[in-house]
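K.L.:
Here is how the chains run, residue by residue.
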Amino acid sequence: MGRYIIKRLLQGIPLLFFISIILFVLMMNMGDPVATMGGRRVTRASDYERLRRQLGLDKPIYTQYLYWLIGNDWTKTDVDGDGVAETPGTRRGVLRGDFGVSLVSRKPVLQVIGERLPNTLILMLASEFVIIVGSLLVGVYSALRQYSALDHIITALSFIGYSMPIFFIALLSMYIFGVLFKRWGLPYLPTVGMFDPQAGKTTAQVLWHMVLPVLSISIISFAAYSRYIRSTMLEVLGQDYIRTARAKGLPRREVVYVHALKNASLPIVTVVGLDLPLLLGGAVVTERIFAWPGMGRLFLDHVSRSDLPVVMGILMMIATAVVVFQILTDIVYAWLDPRIRYEK
Amino acid sequence: MLVLLFIYAFGGALIFPESYANYTDTSLRLSPPSARHPFGTDTIGRDVLARTIYGGQISLIIGLLAVSIESLVGILVGALAGYYGGFLDSLLMRITEAMLNIPEIFLLIVMAKFFGGRIPEIHLLGRVFSGSVIVIVVIIGLTSWMYLARIVRAEFLSLKENEFVLAARATGTSNFEIIFRHILPNSIAPIIVSATLGVANAILAEAYISFLGLGVQPPTATWGNMLDGANNYLESAPWLWFFPGLLILLTVLSINFLGDGLRDALDPHSRAV
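Protein sequences, first through last, are from chains A and B.
Each residue of the first sequence is one higher than the last, beginning at 1 in our numbering.
Each residue of the second sequence is one higher than the last, beginning at 1001 in our numbering.
Chain A on its own, in the form it takes in the complex (with noise of 0.2 Å):
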């Protein structure tokens, strides 16, 4: 077990590599950041020339992601843009925990993440916890009653959530909750933003914010989940140790949400593993949409700016994320399931 973890760990880092260096090509052509840095007067050409290599964007490309990789104070920068390069550089590179200074805000890239992280987080880990204690009480239901009249309808359900696009259950919830509830003198949920201005930041409401856009993204997760979910539970109630179990006379109870539902939430730790990351992320046009101060509009807002520190930094992050927990979601696997033996 040790010694596969520690192969698996020494995959990942070439993997990395090889992404980082997709991205950093692709990030090339993005477009020019200096184009936008005076706002609305025009940038004049000495000045232009002056920032670019102030910035090091002058640099061919392999010697940029070197900087960015290692960093450059081994060697002399550019400060004052002369042309000459007269100044040890300051940057320490990625692998040592450096990601660099946004082009935008000049502040440190960690700490304009930083800022956003726990907001997305908070959204991510309550949606998720939504979707897997939901989809886990109606996938169980619908294997217990297969082909009942509930059971087709939430079948139906979760086709329609599975194909509906995020924006249009977002814009339709927002115009149910907060438009319509509001016309009809209901209580109404609020539509944009993280918390009211005029209330402060405070922990009610910050949640009162949350409902619907927690609410728009677990009806899409949560169809998959429960369909899934309903589909290993169906195969493990089927198994002949669950009608051992029942031939001993155990309780139904005690036999479905023990001994069946262990079992059948095997899969269901891979599905989760593997999607955790990928919330980190966020969903992009969900926090768009409710205006929601995540990583998924800093990352808008930052592409557009062609900010490619920033921009590396996020999905560099996002990357290691889904690498790490690849391999952890693997280990905890073998590790619920003694069936299985990773020797090789």
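Take these hints with a grain of salt, some might be off.
Claimed, not checked - Far from chain B, by Cβ distances over 12 Å, these chain A residues were calculated:
no. : residue
1   : M28
2   : P60
3   : I122
4   : L125
5   : M164
6   : V269
What the hints assert, rightly or not - Here are the simulated lysine-lysine pairs, PhoX-like style, with alpha carbons at most 25 Å apart:
no. : chain 1 : residue 1 : chain 2 : residue 2
7   : A       : K7        : A       : K59
8   : A       : K59       : B       : K1113
9   : A       : K262      : A       : K248
10  : A       : K107      : B       : K1113
Don't read these hints as lab results, they were simulated from the structure.
Note that beta-carbon positions come from the ideal geometry of N, C-alpha and C, so glycine has one too.
With chain A held as given, fit chain B onto it using these hints.
P.N.:
This is chain B only, laid out in the frame that chain A set:
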């Protein structure tokens, strides 16, 4: 259902000319659905019904073309990796894994910026399409082939051990012919299923990216870019986002049904999840 949607998108074009879809009548800004404009009008007085018809054409075309590219790349990568194995296999699979590790929407946004705004407008069949249609088709195709490549590779890995491949090789058939004449037709069922579901995903992807304003640029309408900015009119003009959104939902839903049915029909081993 799907047929009806196709008739809606393409047959509707016979009733309304395209200029009507882009015709602006600012005196009728944001007018609610009425007899003259059954779906209402948008922010600059264009008829939403006509725009959903033309947007539907573009969205469906984008879905189909993007899947063609996706299938082409996916089959090629999967076939080469699965058939030749060894170094080529591990190289191609590393690329596939790397692409899979970044959520598709992020890749789409980055790629949209990468290719955006470089392709001029195209004139085809007497109509002007924004060049961004091509960009979107290409980037959706290039960001979604990974699952298909894995499926094809797995099929090839198991099929190439069969006797008929050995026989073909013994009679001196070239590798190219073995791949495309002998193995590929045998692995067509999962490819068709995955391509069908791919159309639904491509339409969704187009809608997402256009919704974010990075996709197909106006005046060419798609269901996605009709929704862009519509959330500003959430309260005052719900018809702006309701009809395009509903059409996307119906299309994706019916394609998913079709794909599910095809899977049950062609591939009895796999169970629907």
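K.L.:
Determine for every hint whether it applies to the structure shown.
P.N.:
Results for each hint:
{"no.": "1", "hint": "M28", "result": "9 Å, violated"}
{"no.": "2", "hint": "P60", "result": "18 Å, holds"}
{"no.": "3", "hint": "I122", "result": "19 Å, holds"}
{"no.": "4", "hint": "L125", "result": "17 Å, holds"}
{"no.": "5", "hint": "M164", "result": "6 Å, violated"}
{"no.": "6", "hint": "V269", "result": "15 Å, holds"}
{"no.": "7", "hint": "A:K7 - A:K59", "result": "36 Å, violated"}
{"no.": "8", "hint": "A:K59 - B:K1113", "result": "21 Å, holds"}
{"no.": "9", "hint": "A:K262 - A:K248", "result": "19 Å, holds"}
{"no.": "10", "hint": "A:K107 - B:K1113", "result": "24 Å, holds"}
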